[in-house]
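Protein sequence lines, in the order shown, are assigned to chains L and V.
FYI, in the numbering used here the residues of the first sequence are 1 to 338.
FYI, in the numbering used here the residues of the second sequence are 1 to 286.
In case anyone wonders, no lab produced these hints; they're calculated from the structure.
Don't be surprised by glycine CBs; every beta carbon is placed ideally from N, CA and C.
Just to be clear, a hint being listed does not mean it is correct.
As the list claims (entries may be wrong) - Derived list of chain V stretches under chain L, where covered just means 3 residues or more per stretch with a C-beta under 8 Å from a C-beta of chain L:
#1 42-52
#2 89-96
#3 150-163
#4 243-249
Said to hold, decoys possible - Listed next, with one range per pair, are the computed distances between beta-carbon atoms:
#5 V:94 x L:71: 15 to 21 Å
#6 L:61 x V:256: 51 to 57 Å
#7 V:155 x L:68: 47 to 53 Å
#8 L:70 x V:211: 40 to 46 Å
#9 V:201 x L:152: 25 to 31 Å
#10 V:216 x L:65: 33 to 39 Å
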Amino acid sequence: MKKLPVILGLLLTMLAFTACHDQPQWNDDPYGNFDALWTILDEHYPFFEYKDVDWEQVRVAYRAKISPKMTTTELFDLCGAMLKELRDGHVNLIASHDVSRYWIWEQYPVNYDERLVDEHYLHFDYRRASGIKYQILPNNFGYMYYGSFSSSVGEGNLDLVLNYLSTCDGLIIDVRSNGGGYLTNVEKFVGRFIEQSLHAGSIQHKTGPGHDELSKPYEYYFEPTKNHIHYLKPVVVLANRGSFSATNNFVSIMKQLPQVTIVGDTTGGGCGLPFTSELPNGWNVRFSASPIRDADGNLTEYGVAPDVRVDLTDADRLAGRDTYIDAACEILAKQTTK
Amino acid sequence: MSRRIIIAVALLWLGALALRADDSIEVQRPLSIMFMTDVGHASVLDSYLTPITYDGVDLRLSFDAMRACGNHNNWARQLNVAVQYDNVENNVGNNTMHNLAAQARWGMMRRWDDVTPAHLRFMVGPMAQLRGGAIYNPANSNNVVSIKGHASVGVTGMAVYNTHLAHRPLTLSYQLTMPVLGVFISPEYDESFYEIYLRDYRNITYVGGWGNRFDMENLLAADLRLGGTILRLGYRCCIERSWVSNINTHITTHSLVIGVGAELFTRRLSSSSSPACVSPLYHSDL
Numbered sequence: 001m002k003k004l005p006v007i008l009g010l011l012l013t014m015l016a017f018t019a020c021h022d023q024p025q026w027n028d029d030p031y032g033n034f035d036a037l038w039t040i041l042d043e044h045y046p047f048f049e050y051k052d053v054d055w056e057q058v059r060v061a062y063r064a065k066i067s068p069k070m071t072t073t074e075l076f077d078l079c080g081a082m083l084k085e086l087r088d089g090h091v092n093l094i095a096s097h098d099v100s101r102y103w104i105w106e107q108y109p110v111n112y113d114e115r116l117v118d119e120h121y122l123h124f125d126y127r128r129a130s131g132i133k134y135q136i137l138p139n140n141f142g143y144m145y146y147g148s149f150s151s152s153v154g155e156g157n158l159d160l161v162l163n164y165l166s167t168c169d170g171l172i173i174d175v176r177s178n179g180g181g182y183l184t185n186v187e188k189f190v191g192r193f194i195e196q197s198l199h200a201g202s203i204q205h206k207t208g209p210g211h212d213e214l215s216k217p218y219e220y221y222f223e224p225t226k227n228h229i230h231y232l233k234p235v236v237v238l239a240n241r242g243s244f245s246a247t248n249n250f251v252s253i254m255k256q257l258p259q260v261t262i263v264g265d266t267t268g269g270g271c272g273l274p275f276t277s278e279l280p281n282g283w284n285v286r287f288s289a290s291p292i293r294d295a296d297g298n299l300t301e302y303g304v305a306p307d308v309r310v311d312l313t314d315a316d317r318l319a320g321r322d323t324y325i326d327a328a329c330e331i332l333a334k335q336t337t338k
Numbered sequence: 001m002s003r004r005i006i007i008a009v010a011l012l013w014l015g016a017l018a019l020r021a022d023d024s025i026e027v028q029r030p031l032s033i034m035f036m037t038d039v040g041h042a043s044v045l046d047s048y049l050t051p052i053t054y055d056g057v058d059l060r061l062s063f064d065a066m067r068a069c070g071n072h073n074n075w076a077r078q079l080n081v082a083v084q085y086d087n088v089e090n091n092v093g094n095n096t097m098h099n100l101a102a103q104a105r106w107g108m109m110r111r112w113d114d115v116t117p118a119h120l121r122f123m124v125g126p127m128a129q130l131r132g133g134a135i136y137n138p139a140n141s142n143n144v145v146s147i148k149g150h151a152s153v154g155v156t157g158m159a160v161y162n163t164h165l166a167h168r169p170l171t172l173s174y175q176l177t178m179p180v181l182g183v184f185i186s187p188e189y190d191e192s193f194y195e196i197y198l199r200d201y202r203n204i205t206y207v208g209g210w211g212n213r214f215d216m217e218n219l220l221a222a223d224l225r226l227g228g229t230i231l232r233l234g235y236r237c238c239i240e241r242s243w244v245s246n247i248n249t250h251i252t253t254h255s256l257v258i259g260v261g262a263e264l265f266t267r268r269l270s271s272s273s274s275p276a277c278v279s280p281l282y283h284s285d286l
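Next comes chain L alone, as it looks inside the complex:
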């Protein structure tokens, strides 16, 4: 009986050590940094199965190319090439001398020319607030260009913009070449175009290092912004392959709305909310960690298809025509004359 406190003490001490979990350590050499990078992706990346990527096979193939004496640049290029196997615009290796990337939109037609819009449609006469360029076109359709969801937008700014455009018969929201930004800004915008709670989609996250360890999808909803100006007339959203990440999310949500038409090209995709980690040599690696699905439960990693497909050719540009805006005006004209 006298030994009971000792035994209890020992048991508690042993229990205390279970909270102390060893963290894997890698050497700061080519093999160590490669292994760290591969392991971080192996434990955190959620799309291996969806993209049918055999990550172990990738490791074997690329690790065989490492040599202990390879230069920093050679190692970076090798690691960057390995990451491209994931075909994900959110996956980057970031070093002081370069950023590896898989920006698929660079390989597609740009379909956007800012100068063309400014010169032939806005006539260099437009308003600008919180990263939003806006004006009323001669045909009384409103036009607003939002180039980045990273640009801070206040509810007051949106009120002023939408108040100015409120007399328009329809509205064109141009998010071409908008590479994304804050999802909270997506909610802020969408809240101005809905009258009731909207099922925006679902979000998941990895719950552990296993490839299939994913949380049950959490369905999320956007609410109409209270006590602020709403725009409920016909809307056309212009998107291209450069509409990536948060913009891809914005397009997928706006596409659900009955008064909204998506015009242009398939968006650039990128439906995984990115996290960042780090290698022993100080390089950062960004990767998709949290899949976001649309309201129908689909992953939009490879983009959202438009309702109306349009291309902008060099000939159009030379003729001073933005076929995206022209198509949008035609659609709005039809909808407003019904």
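We have chain L already, so just place chain V on it with the hints.
Relative to the frame of chain L, chain V by itself:
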């Protein structure tokens, strides 16, 4: 800024007043207060932010108040509040993380005087602690911050030895504080705070025991009394470990402690009345 300082001082004073309750005419129970500054080394690992351990500077400001309980002279109450900031960087020195935390702790300890050897006293008792803060990694994207919150109950204990140095009263003490059971918050493995912002509150609250969480604070102090002022020189070691949702947290600090304090009496001691005096740390006439 000055308003905040006034509010902070007022809160500390209210905490001290709480310890003043139950004063009696016959026995003086001075309130021992101590303001401390810690400077030292911090080692921070939070695998939600990075798998790399960061090292750097640990800074802490803290206030400690202690008093014998009224009618129960063998018991003492202690209040401790602290603010901690760690500025740490990775091994290659190209990124800095910031760890900011605040804590408040209230404890009650049973005192045993003159345990062999003479003048050595022990105190042990329960404590309750609230601790919260955040680790910020500016290089990250949607895992830019790891928010911490921990409410716990546990044990705290002290060994105190009163002696003299150059004819001045010197008190050597060692205090160990260990939360045993509590509740703490943590995102899941790769759960973003954006998802929590969307009101997904599933699996972010955990019961913390020694199986998934281990915290310990050690304080070794030497208090030299110079008239009414007490100067403290000490060493503090804090250990924080947790392993939940496959997220690993290791925070360890080793710091030099410099403090200034005093014993506050509710009325002036006079030689004619010679009231008995009970101080958990420095002396005791009962």
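Here's how the hints hold up against the structure:
{"no.": "1", "hint": "42-52", "in the structure": "holds (count 5)"}
{"no.": "2", "hint": "89-96", "in the structure": "holds (count 6)"}
{"no.": "3", "hint": "150-163", "in the structure": "violated (count 0)"}
{"no.": "4", "hint": "243-249", "in the structure": "holds (count 4)"}
{"no.": "5", "hint": "V:94 x L:71: 15 to 21 Å", "in the structure": "holds (18 Å)"}
{"no.": "6", "hint": "L:61 x V:256: 51 to 57 Å", "in the structure": "holds (52 Å)"}
{"no.": "7", "hint": "V:155 x L:68: 47 to 53 Å", "in the structure": "holds (52 Å)"}
{"no.": "8", "hint": "L:70 x V:211: 40 to 46 Å", "in the structure": "holds (44 Å)"}
{"no.": "9", "hint": "V:201 x L:152: 25 to 31 Å", "in the structure": "holds (27 Å)"}
{"no.": "10", "hint": "V:216 x L:65: 33 to 39 Å", "in the structure": "violated (46 Å)"}
Consistency with the previously given hints fails for numbers 3 and 10, ordered from lowest to highest.
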